[in-house]
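Chemist: Read top to bottom, the protein sequences are chains Y, Z and V. First residue of the first sequence: 1, per UniProt numbering; consecutive thereafter. First residue of the second sequence: 1, per UniProt numbering; consecutive thereafter. First residue of the third sequence: 1, per UniProt numbering; consecutive thereafter.
FYI, nobody ran anything at the bench for these hints, they're computed from the structure. Where is the CB? At the ideal position from N, CA and C, for every residue including glycine. Incorrect hints may appear among the rest.
Pairwise CB distance ranges (calculated) [stated by the list, open to error]:
1. Pro106(V) x Thr64(Z): 20 to 30 angstroms
2. Ile247(V) x Gly121(Z): 48 to 58 angstroms
3. Arg62(Z) x Ala68(V): 32 to 42 angstroms
Some but not every residue of chain Y turned toward chain V, in silico, with C-beta under 10 angstroms [as the list claims (entries may be wrong)]:
4. Met1
5. Val5
6. Val6
7. Leu21
8. Ala49
9. Lys53
10. Pro142
11. Ile230
12. Pro231
13. Phe235
14. Gly237
15. Gly241
16. Val283
17. Leu287
If you want a taste of the chain Z side facing chain Y, the calculated C-beta under 8 angstroms gives, among others [as the list claims (entries may be wrong)]:
18. Met53
19. Arg84
20. Arg85
21. Arg87
22. Gly88
23. Pro104
24. Val118
25. Gly121
26. Met122
27. Asp126
28. Tyr150
29. His152
30. Gly156
31. Val188
32. Gln191
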Amino acid sequence: MGRYVVRRLLQMIPVFIGATLLIFLMVNVMGDPIAGLCGERACDPATTAQLEKEFGLDKPLWQQYLTYMGNVFTGDFGTAFNGQQVTELMATAFPVTIRLTIVAVLFEIVIGVTLGVVTGMRRGRPVDTSVLLATLVVISVPTFVTGLLLQLLLGVQWKWIKPSVSPDAALGELIVPGLVLASVSLAYVTRLTRTSIAENKRSDYVRTAVAKGLPRHRVVTRHLLRNSLIPVITFIGTDIGALMGGAIVTERIFNIHGVGYQLYQGILRHNTQTVVGFVTVLVLVFLVANLLVDLLYAVLDPRIRYA
Amino acid sequence: MLLEVRDLHVEFRTRDGVAHAVNGVSYEVDAGQTLAVLGESGSGKSVTAQAVMGILDTPPGRITGGRILFQGQDLLTIREEERRRIRGAGMAMIFQDALSALNPVLSVGDQLGEMFVVHRGMSKRDARARAVELMDRVRIPAAAQRVRDYPHQFSGGMRQRIMIAMALALEPALVIADEPTTALDVTVQAQVMDLLAELRREYRMGLILITHDLGVVADVADRIAVMYAGKIVESAPVHDIYKAPAHPYTRGLLDSIPRLDQKGRELYAIKGLPPNLTHIPPGCSFHPRCPMARDVCRTDVPPLYEAGEARGSACHFWRECLHDH
Amino acid sequence: MPEQPYEPERAVAGTGMGGAMDLGASEAVTLEQGPGGPEGTGPVGRPRSLWSDAWRDLRRNPVFIVSALVILFLVFISLWPSAIASGSPLTCDLAKAQDGPGPGAPFGYDGQGCNVYTRTVYGARTSVTVGVLATLGVALLGSVLGGLAGYFGGLPDSVLSRVTDIFFAIPVVLGGLVLLSVVTSNTVWPVIGFMVLLGWPQISRIARGSVITAKQNDYVQAARALGASDARILLRHIAPNAVAPVIVVATIALGTYIALEATLSYLGVGLKPPSVSWGIDISAASPYIRNAPHALLWPSGALAITVLAFIMLGDAVRDALDPKLR
Chain Y
1 MGRYVVRRLL QMIPVFIGAT LLIFLMVNVM GDPIAGLCGE RACDPATTAQ
51 LEKEFGLDKP LWQQYLTYMG NVFTGDFGTA FNGQQVTELM ATAFPVTIRL
101 TIVAVLFEIV IGVTLGVVTG MRRGRPVDTS VLLATLVVIS VPTFVTGLLL
151 QLLLGVQWKW IKPSVSPDAA LGELIVPGLV LASVSLAYVT RLTRTSIAEN
201 KRSDYVRTAV AKGLPRHRVV TRHLLRNSLI PVITFIGTDI GALMGGAIVT
251 ERIFNIHGVG YQLYQGILRH NTQTVVGFVT VLVLVFLVAN LLVDLLYAVL
301 DPRIRYA
Chain Z
1 MLLEVRDLHV EFRTRDGVAH AVNGVSYEVD AGQTLAVLGE SGSGKSVTAQ
51 AVMGILDTPP GRITGGRILF QGQDLLTIRE EERRRIRGAG MAMIFQDALS
101 ALNPVLSVGD QLGEMFVVHR GMSKRDARAR AVELMDRVRI PAAAQRVRDY
151 PHQFSGGMRQ RIMIAMALAL EPALVIADEP TTALDVTVQA QVMDLLAELR
201 REYRMGLILI THDLGVVADV ADRIAVMYAG KIVESAPVHD IYKAPAHPYT
251 RGLLDSIPRL DQKGRELYAI KGLPPNLTHI PPGCSFHPRC PMARDVCRTD
301 VPPLYEAGEA RGSACHFWRE CLHDH
Chain V
1 MPEQPYEPER AVAGTGMGGA MDLGASEAVT LEQGPGGPEG TGPVGRPRSL
51 WSDAWRDLRR NPVFIVSALV ILFLVFISLW PSAIASGSPL TCDLAKAQDG
101 PGPGAPFGYD GQGCNVYTRT VYGARTSVTV GVLATLGVAL LGSVLGGLAG
151 YFGGLPDSVL SRVTDIFFAI PVVLGGLVLL SVVTSNTVWP VIGFMVLLGW
201 PQISRIARGS VITAKQNDYV QAARALGASD ARILLRHIAP NAVAPVIVVA
251 TIALGTYIAL EATLSYLGVG LKPPSVSWGI DISAASPYIR NAPHALLWPS
301 GALAITVLAF IMLGDAVRDA LDPKLR
């Protein structure tokens, strides 16, 4: 197990470097990193040259990347467009997005798994067909449309929620945005659970459990669920990284000042250090979440052995 | 009588129509007796057993007629909760493929102990101790250590022993073994079969041995019931059948066993294929494959003729068949 | 399997007969391996190809028929929007801003006084173009790279696996924002280019997997033993067997690319006005959500139905091609 973790950590290094380099290149090559620094107007040539020297932009790109990454590993993520340290932005933005993600994951677990179990047990019945159709619709409607519609209905028409979230972003305010963020994944979790339950329900070991004379609830919880939820847990685990990275749309709709908001501002203002900094952390979260999921898999399924 | 199956009918609804899997099967097993149920794939031998155990998938399966009397009680009319208490404690089943029949994510100790926890209300600790005893009983080496292992960590033969241990845990009056050795290596098959026979004698259980292999039943069975297309076509004491089969299908099965004294000769095979259960041929369902078939076989369904003492054959020409041999 | 004195199980395998037994009996284990699957009806199993079997299934599937009709309709209005909508999507009259339905404008007017119906009809072209071209690009690039890596294995395969890992680690919407925020060209091409750039790893993984599976088939080994060239083996033996999963995933992906284009346009980095796109319209309508919800609802509905149609089509095709999932 220990050796496996080490190997996986080593494998993460090239992926990490590749992903951050890719973003670094995108931001640098495609954009003009100092374009946003002189306000709305373009900088004059003298200022441009001075700024380029100041930020080390006159050096070759690979050197810039190395310098940047070197700084990152000492905890220096650079300066954001408004003069704040990027780390300060992170300190305010990440807790908000993490709360949002937690709400979303809870929705996936509570609603997604429950619906999946209910439909998987009653495959082909009306309840199954209607939930299945509902999941298709949820998957098909893009998140930003779901978000706008819920905002329109719950926030504007019925006034159940405030249409935009306050800067504190308390947990209670994040319930609807969390649901929006979770929506597509929630539908996938439902379908995945349903398939998994329906498949395992016909399995030999469930039949054995029935033949042993176990009560129905014991057959379902101890034998059927335990096995069926393994792939679901894996999916939810890997989804955490995707949710945090995908929060950008939800955060924009509900005006939540989280990671997505800061990234959006950074992109609009072509602030390299904000964008690359935040993406670097997101990539790390994604990679670590994946590693943890793989390790969890071995705990849940004794047939998996890592060496 | 321990178990009596009376005129059992089971059908399955499929996309291609209603499949008549079991069409009026009757058999009985007495305490301490071994009944071997023989037949090809799709003959309904496993479906009958599943109906007896109460583990038929419904839907698509449906019991459309008949009675199943266990110790005098009709299992098809009692409540599911009573039925559940009988499963595992009164009757138990051994499945063909222990690797898929055992839960892959629970230790074998948990799965064995579960029987005692659920049916006997034992504590987990006591149940674990009983699980070790059981594993010892079926001769699994180092049972005390291996009780924590998972099914995939055992060899095929050992897994099937665990399966047997699980079935015998509560010393049920009846055990149904559905092809218990088919998935095993030939060398291990005999060991597992011997163990099963030995334990059956010791506990004086009734045993229904489902198999497609006439070779294994000769030593262990008291009676044989041969099934074809959801019906019993011949039923007889084991030695009578080996001496002289009273049904051309049974004879076909016997002739297709390779024998040392006929080495070098071409092996006999029954021509044709088992019938499609959604369209079972009229008359005797075996007639399209039968070397003795005549016009009457195409139209008249043969009843189970009394073909001697404690012996039945569903062939219009059972006498010919008996004497031809 | 050890030798058996008599093994009727084997005799029926592959005939597609006794379809009922796979529903409950343990006897059915070998029955399901037949090429006809548990579907067979006739007394004699007639060998059917995967594709004709799938097509037979699809024709009877209402989900497939409905989604295919929706898609045909979408393609039609992308080619000839003027057939069902008069006027230009760019002719707007501020005096009519936020008005409800009127003559020639069954969906009403948006915040700029543009005819919502006309704009919704014309928006289909953008979505279908982006979806189809991005999918073609992704499928081609992904299956060629993934297929070659899966077939040849070794170093190129490991490199490709790591590269796909890198792409998977970057959140898609984020990548789109970064890349497209600096693009000034207001055509569909940068959007398509971005989708191909970030989408191919998904297909390449699928293609790689199915090529590796197909490669192990006996007839491929046989072809190799007979001295067939790599190109011939890949094209004649492996591609036809590996292409099904790619088609399924690509069809579903087509729907998600359409949604992605709208999302990027909503965020302001995809297409920009004066292009006509549902994403732009939804984005433009969201400030007027209180007074003119219809300007938001119609393009949203059109978008949702389009994406739904492609996802349902993909679902139906997958069900037809993979009998195991039934």
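Chemist: Evaluate each hint against the coordinates.
Modeler: Results for each hint:
Between Pro106(V) and Thr64(Z) the CB atoms are about 57 angstroms apart, so this pair departs from the stated range of 20 to 30 angstroms. Between Ile247(V) and Gly121(Z) the beta carbon distance is about 56 angstroms. The supplied range of 48 to 58 angstroms therefore holds. In this structure the hint that Arg62(Z) and Ala68(V) lie 32 to 42 angstroms apart at CB holds, the actual value being about 36 angstroms. At its closest, the beta carbon of Met1(Y) sits 22 angstroms from a beta carbon of chain V; the interface hint therefore is violated under the 10 angstroms criterion.
This hint is violated: Val5(Y) has a C-beta 17 angstroms from the nearest C-beta of chain V, more than the 10 angstroms allowed. Nearest Cβ of chain V to the Cβ of Val6(Y): about 17 angstroms, over the 10 angstroms cut. The hint is violated. Residue-level restraint check for Leu21(Y) holds (minimum Cβ-Cβ distance to chain V is 9 angstroms; threshold 10 angstroms). A least Cβ separation of about 21 angstroms between Ala49(Y) and chain V goes past the 10 angstroms threshold, and the interface hint is therefore violated.
The restraint placing Lys53(Y) at the interface with chain V is violated, with a minimum CB-CB distance near 23 angstroms, outside the 10 angstroms limit. For Pro142(Y), the interface hint holds, the least distance from its beta-carbon to any beta-carbon of chain V being 4 angstroms, beneath 10 angstroms. Residue-level restraint check for Ile230(Y) is violated (minimum Cβ-Cβ distance to chain V is 19 angstroms; threshold 10 angstroms). Using the Cβ-Cβ criterion of 10 angstroms, the hint placing Pro231(Y) at the interface with chain V is not satisfied: the shortest such distance is roughly 14 angstroms.
Interface restraint check for Phe235(Y): the shortest CB-CB distance to chain V comes to about 14 angstroms, outside 10 angstroms, so the restraint is violated. A cut of 10 angstroms between beta carbons decides the hint on Gly237(Y): the least distance to chain V is about 14 angstroms, and the hint is violated. A cut of 10 angstroms between beta carbons decides the hint on Gly241(Y): the least distance to chain V is about 8 angstroms, and the hint holds. Checking Val283(Y) against chain V: minimum C-beta separation of about 5 angstroms stays under 10 angstroms; hint holds.
At a threshold of 10 angstroms, the smallest CB-CB gap from Leu287(Y) to chain V is about 6 angstroms, leaving the interface hint in force. The interface hint given for Met53(Z) holds, since its Cβ lies 6 angstroms from the closest Cβ of chain Y, which is under the 8 angstroms cut-off. With a cut of 8 angstroms, the hint placing Arg84(Z) at the interface with chain Y holds, because the nearest CB-to-CB distance is about 5 angstroms. The closest approach between the C-beta of Arg85(Z) and any C-beta of chain Y is roughly 6 angstroms, which is under the 8 angstroms cut-off, so the hint is satisfied.
Checking Arg87(Z) against chain Y: minimum C-beta separation of about 4 angstroms stays under 8 angstroms; hint holds. Below 8 angstroms, beta-carbon pairs count as interface contacts, and Gly88(Z) has one with chain Y at about 3 angstroms; its hint therefore holds. For Pro104(Z), the interface hint holds, the least distance from its beta-carbon to any beta-carbon of chain Y being 6 angstroms, beneath 8 angstroms. Interface restraint check for Val118(Z): the shortest CB-CB distance to chain Y comes to about 6 angstroms, inside 8 angstroms, so the restraint holds.
Annotation: Gly121(Z) was flagged as interfacial toward chain Y, and the flag is violated, the nearest CB pair being 13 angstroms apart, outside 8 angstroms. Taken as an interface hint, Met122(Z) does not check out: its beta carbon lies about 14 angstroms from the nearest beta carbon of chain Y, beyond 8 angstroms. Because the beta carbon of Asp126(Z) sits about 18 angstroms from the nearest beta carbon in chain Y, more than 8 angstroms, this interface hint is broken. At about 4 angstroms, the closest approach between the beta carbon of Tyr150(Z) and any beta carbon in chain Y falls short of 8 angstroms, and the interface hint on this residue holds.
A distance limit of 8 angstroms between C-beta atoms decides the matter here; for His152(Z) the minimum to chain Y is near 5 angstroms, and the interface restraint holds. Because the closest C-beta pair between Gly156(Z) and chain Y is about 15 angstroms apart, greater than 8 angstroms, the hint is violated. Violation of the interface hint for Val188(Z) is found here, the shortest Cβ-Cβ separation to chain Y being roughly 20 angstroms, above the 8 angstroms cut-off. At its closest, the beta carbon of Gln191(Z) sits 22 angstroms from a beta carbon of chain Y; the interface hint therefore is violated under the 8 angstroms criterion.
Comparing the model with each numbered hint stated earlier shows that hints 1, 4, 5, 6, 8, 9, 11, 12, 13, 14, 25, 26, 27, 30, 31 and 32 do not hold.
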